[in-house]
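Asks: Given the coordinates of chain A, assemble chain B onto it according to the supplied hints.
Protein chains in written order, with this note's numbering: chain A, 1 to 440; chain B, 1 to 440.
Careful: at least some of the hints might be erroneous.
Put simply, identical chains are the same to the list, so a pair is met inside one copy or across any two.
With a straight-line cut-off of 20 Å between C-alpha atoms, the simulated DMTMM-like cross-links for lysine to aspartate or glutamate are [what the hints assert, rightly or not]:
| # | residue 1 | residue 2 |
| --- | --- | --- |
| 1 | Lys439 | Asp110 |
| 2 | Lys310 | Glu254 |
| 3 | Lys143 | Glu306 |
| 4 | Lys143 | Asp244 |
| 5 | Lys310 | Asp280 |
It is worth saying that the hints were derived from the structure and are not from the lab.
2 protein chains.
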Amino acid sequence: MVTRKTNPETARRTTRDTRGRAAALNALYAQSGGVTAVINASAAAVIETARRHPSRIDRLYAGRNGIVGVLEEDLIDTGRESAAAIAALRHTPGGAFGSCRYKLGDPERDRARYERLLAVFRAHRIGYFFYNGGNDSADTCLKVAQLGGALDWPLRVIHVPKTIDNDLPLTDCCPGYGSVARYVAVSTREASLDVRSMASTSTRVFVLEVMGRHAGWIAAAAALAGDRRLPLPLVILLPEVPFDAARFLAAVRERVAQHGYCTVVASEGVQTADGRFLADSGATDAFGHAQLGGVAPLLAATVKRELGVKVHWATADYLQRSARHLAAGVDLAHSLAVGKAAVELALQGHSAVMPTIVRVRQRPYAWRIGTAALRDVANVERKLPPEYIDPGGFGISARGRAYLAPLITGEVRTPTVDGLPQYAQLKLVAVRRRLPGFKA
Amino acid sequence: MVTRKTNPETARRTTRDTRGRAAALNALYAQSGGVTAVINASAAAVIETARRHPSRIDRLYAGRNGIVGVLEEDLIDTGRESAAAIAALRHTPGGAFGSCRYKLGDPERDRARYERLLAVFRAHRIGYFFYNGGNDSADTCLKVAQLGGALDWPLRVIHVPKTIDNDLPLTDCCPGYGSVARYVAVSTREASLDVRSMASTSTRVFVLEVMGRHAGWIAAAAALAGDRRLPLPLVILLPEVPFDAARFLAAVRERVAQHGYCTVVASEGVQTADGRFLADSGATDAFGHAQLGGVAPLLAATVKRELGVKVHWATADYLQRSARHLAAGVDLAHSLAVGKAAVELALQGHSAVMPTIVRVRQRPYAWRIGTAALRDVANVERKLPPEYIDPGGFGISARGRAYLAPLITGEVRTPTVDGLPQYAQLKLVAVRRRLPGFKA
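Excised from the complex, chain A in its bound form (with noise of 0.2 Å):
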């Protein structure tokens, strides 16, 4: 056992010698693709079960930039962090042990880097491995279990659920979801006021541009913004429903006509009916040189024009996912649980699973954690169903609202000094090499 105590050799090895039997396995952890506000409360979560089994489980080592740092054999000893430092992860935004977007291929064609991930597990005496991503890292986790039981060495592989654009299957919700979404909601709100207050005179027209490639949750979320205390005018354009130029200014039109002013939410991947996306319609700068996408600029361009209104526009980009001063109370709490439950599935004997979230009552919400084989998730999208869509296609359902209501609640705070948020020093300290280099 480690961790708690500040010699851990020393500490490890007495535990060993008073209960006279073979030292336990250690685990792995990492983080992997597009971070959150809230994977490092995964992290935590992680590391502080893993704590209380010394039993059980050895050391904690975390891949420094994810499974890069694996390959790389570039490990942290996370029990060379205090606990202090360890429970500062809850509040602090990015990948704490860095993280990477890196896809390991088919085992077939990838051998190399399977085995040697193998082999770094052996010389670490790896027999858990925590992987905290999305549907990538959900399909590398299954293919190391699988290849961890043909090569007959003891692993378990838990996939730990993280990602903002909520496409996972088979839970309810994704941790980090709940508080990209609360991000999405409130700046919405707020901004809304803001060109309620100009319109008269200046701009009518807010659009603001949020994540989601493929599938239109962030911009869902959005949504919540106006309720029936606080209607807004509002137009979202999600990935799911083809964008058609002529119907977009129209509703925008009516709604500045009705109330003075509109806010448009984008999806980054929002696209037309030919499935071309509006962000790559190749603008140029003024040198010829080809921008950098983006589809609120090009939507403000297009009201501007046909609309002859003044428009302001958002790019949230990073801010959204990294926005740990508005996390959502519910998101933290199921990026804590999924953690824990990986580490005690991993105890029970599970492998080449999930913790998911399971939504047992709406309201008052209520959620308890269940379990889904990864060869069930991974590679399978889920996107934002029909029936969660307004049919006029730029809102949400009533049944959308009520999915999405609940995971935006709860307060959270982040411990702040002369108004900055603080967070959590880790030492990141690196366990000692003892294979030959490898180039991930």
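Replies: Same frame as chain A, but now just chain B:
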């Protein structure tokens, strides 16, 4: 007197009868220009302070959509709003009574409008005019005060300062600035952690565009995101420092080489040495239509092309100035104080003045309210002083940091229901018109 009784008409008449003297004059409040996260706090303070002086101020009206509503005699009776609704203005973003972009010209050339203003003031017995805005409205205040004096109407005109741009002279800072500064500092800190965790395999540079067409105060606040405890590789682009593409790229390259990533925070007003705005460099979309400007996508494309690294960008636009959920407590206190002081100055007989913020002590920060004559304020724009800018040109100096740091401090809560902020619900009851129509 009005305001706190259920039937203001009766209450007002009764007061008059008992005291046996002529009714007090009425007052008028109006919001001007781009709104801030806390302009409504000033409105709350003006209204609440006026209500404490019923023998001096009878009714307090608000111009609907600012001075446009005044010109068009579209006035709102704030006396019809409950004390709770007025108190809730403290945490309501946008301009609760509507604002406008509308500049009154020179009284000589724009005589009809000034005469109309005075006619509205006379018709509604307006003896006090509180105008809540930035440079333009300070100028309007001064002209109205002068005209009122010339036309022998007992009018006291007080400018209530407000601008996210922080560019009014003779005040240590402008109410509204501290909150946008906090938004920029917190967002930059959060997003930097996001980029840092992705940089090994994905995005290395993140560009955030913030407001500030003529002065770099808002962009400068990003420097607070990094500190000794959490050093961040930032490049800040200010309008005060001529943009040089080669120097900019070298600064980004150096930070990426040293830290693995870099966060660029650019003022929308960044310009080249010849005074050309970067955002106006004439980008067109695929159809040859001019794009709405945007410094962030332009810089992102430049970095991507020249340094060959993956770049993400965000444009905060209205999100930054409507983000009441991130308001700075100090800024809220300033906004309340200038509103209260405005009414008190008027009651003391002052006119053509503006309450100011005076910094009394640096650490711990202490301040008090001062006064400035509008003839010294109007049309003077305060830029970021050279001594606040880091010699390298991409950050702020220790003096700049010392100035900025206290302004983003102080936590303030927003009441929320189901994760969403709750705002003042005003009745906005119109005052009966007494004059012929007028088109502003």
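Asks: Could you place Lys143 and Asp244 in one of the four classes (within, between, both, neither) given a Cα distance threshold of 20 Å?
Replies: neither (41 Å within a copy, 50 Å between copies)
Asks: Classify it for me, Lys143 with Glu306: is the Cα-Cα distance of at most 20 Å met within a copy, between copies, both or neither?
Replies: neither (51 Å within a copy, 38 Å between copies)
Asks: Give the relationship of Lys310 and Asp280 under a CA distance limit of 20 Å: within one copy only, between copies only, both, or neither.
Replies: between (24 Å within a copy, 17 Å between copies)
Asks: For the identical chains here, do Lys439 and Asp110 meet the 20 Å Cα criterion within one copy, between copies, both, or neither?
Replies: within (14 Å within a copy, 73 Å between copies)
Asks: I want to check one pair: Lys310 and Glu254. Are their C-alpha atoms no more than 20 Å apart within a copy, between two copies, both, or neither?
Replies: Within one copy only: 16 Å inside, 39 Å across.
Going through the hint list in order, the structure does not satisfy hints 3 and 4.
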